[in-house]
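Here's the letter readout for the chains.
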Amino acid sequence: MSAATAKTKKIVLRADDNHEFEVDEAIAMEFGTVRTFFEDNPDATEEPIPLLNVSSKCLSTIIEYCKSHLAFRARDSSSSVEDEAKAYDVELVKALDNESLKEMILAANYLNMKDLLDMLNQAVADRIKNKSVEYVRRFFGIENDYSPEEEAEVRAQNEWAFEGVDPDDD
Amino acid sequence: MSKLSMDVITDILYRLPVNTLVRFKSLSKPCCSLIDHPDFVRAHLNRSIQTRTNLNIILKGLHLYSVEFDSLDTAVPLEYPLSNGAGTEVFGSCNGLLAFRITDKNLALYNPSTRQFRRSPFSEIDPPPGESCKSGYVFYGFGQDVKTNDYKVVRMVQFNKNDDEDDGGYFFDYEVKVYSLKNDSWRKITKLPCYLRFMFQFFYHLLHRRGYGVLAGGVLHWVMPPRIELGMRNRIVGFDLGTEEFVEVPQPECADRNYLLDVGVLEGCLCAICNYDQVSVDVWVMKEYRVKESWTRLLSVQKTRAINILTFLRPLAYSKYCDKVMLEINNQKFAWYDLQKKKMRSVKIGGNLGTFGAEAYVGSLIPVEDRKRMENKKQNGQDELRKRNRKKRDDFLSQGFKLVL
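Listed in order, the protein sequences are those of chains R and Y. In terms of this note's numbering, the numbers along the first sequence are unbroken and rise by one, the last being 170. In terms of this note's numbering, the numbers along the second sequence are unbroken and rise by one, the last being 575.
Just chain R, same shape as in the assembly (with noise of 0.2 Å):
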């Protein structure tokens, strides 16, 4: 990076429905697909790069995201810093119901964006923890190919895990 430039160099990001947002390069480096698709066009940085499967809303929760956590590294590697960067992603995460979340993981997969796909993925292992086969089932689309004899059978062999279940509550 030149200590001579002064003025931060701006790139456009263009989400699936043509919203466009400009970011600081530092940011714009954060997302995996667009890092790469610069050290392939390095002189492709006046266009608006395309996000085909990246709605405006995440778009620029991650955009908000990457801004904190950029934030966060500059300031130091200490305990206390780590822990607000900590509690940043944890309401962060609370804010996005389940069809949120996945979105996002979607998106920060795409993006090909490591620690937040990270993240996300251990927000949906917290989430779904306790929660019952029917619900998990909803969550990921996962259809029951078992036939009621068989599931009956699976249940019965693991009774003790479904014990102390959270309660539906979608």
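Simulated from the structure, these hints should not be mistaken for laboratory data. Remember, predicted model here, so these are calculated numbers, not experimental data. The beta-carbon is built from N, C-alpha and C at its ideal position, and this holds for glycine as well. Worth double-checking, as some hints may not be accurate.
[Stated by the list, open to error] Now the stretches of chain R that chain Y is said to cover, found in silico as 3 or more residues with beta-carbon under 8 Å:
{"no.": "1", "stretch": "97-103"}
{"no.": "2", "stretch": "131-144"}
{"no.": "3", "stretch": "157-169"}
[To be verified] From chain R, some residues computed to sit far from chain Y (all C-beta separations above 12 Å):
{"no.": "4", "residue": "Asp17"}
{"no.": "5", "residue": "Phe37"}
{"no.": "6", "residue": "Asp40"}
{"no.": "7", "residue": "Pro48"}
{"no.": "8", "residue": "Lys67"}
{"no.": "9", "residue": "Glu82"}
{"no.": "10", "residue": "Ala125"}
{"no.": "11", "residue": "Glu153"}
For chain R, the structure is supplied; the task is to place chain Y on it using the hints.
Chain Y alone, transformed into the frame defined by chain R:
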């Protein structure tokens, strides 16, 4: 409705605790196959070890208790078949499997997270031929032969002369047998080091459950305390689970050698616990297995006003961020040792626990049964069910009706 790919779902499943995964086998047949698949099981276990999650402590007293390492709140009784009897011993753990001693001839393996239980075949104890003696103390060990992915149990039996003299100078050869889970059979080890006969010492081994081998580097370790009258120093005795041979393991080079030696393990690295007169205890870690120079002193604990004597100390596990070590003290207490501040802080765990030995174990999906045996069992179970249903129906039809008005 957004649908996550199987890759993402698998990544999420890796992060779940084992009891949740057992429940989620009911999601669908593909999910069940995924969770049962050896690759998934292995990846889930590796992830738990790397991230220091799904860790538990088992408390081995008169009864068995377990407490989750992350929360360290109340110890709950360990659920297992035969849990109505006291006196079942857990003599080792590896990758989430616990090894149970029901009697000296009756052992079993149990995965407390999946609740799979399997008895090993009965194994007779053969005294040395031509001698009139009876079995005395029994040493145990449990671990994995990494090369063959087999789990093995080691049993070493000491013998006493039949004419009930006390420990009066008769040292018989031990009987050493190894059980392989893969072969579901026992094998006798005939090549024994000469020093083995002198291993058992009443006060050393009976106290603090020192008869259980410590697993590190694919080798089970026991301590042979010194026999001054025979000019023998203390020794770390190792049994290599791969080659099934005894090996010697070097001790750390301590400035002061006046210690009582114990062995432990921290994240797969062998520890030497040097107890100086119950006043202070040093714990050394062998960072590279069998490399004497890699012995490093990890911590040093002094007696305090709260803990005014150190009869026994064992390291159990690192904290999640590796800044502290959980210690078991005097078979009664737990304490965190802060590696930076070099200070010890007691930890209170709920439950009426008495005295116990403690050991860390990971929650895993590792099966005790191999899949073929399970398929056969399942098939037999279904055949049995069909037979019983047919009989019930036949009985019912043969009884005729009795109208009650």
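- Which of the numbered hints are not met once you compare them with the structure shown? 9, 10, 11
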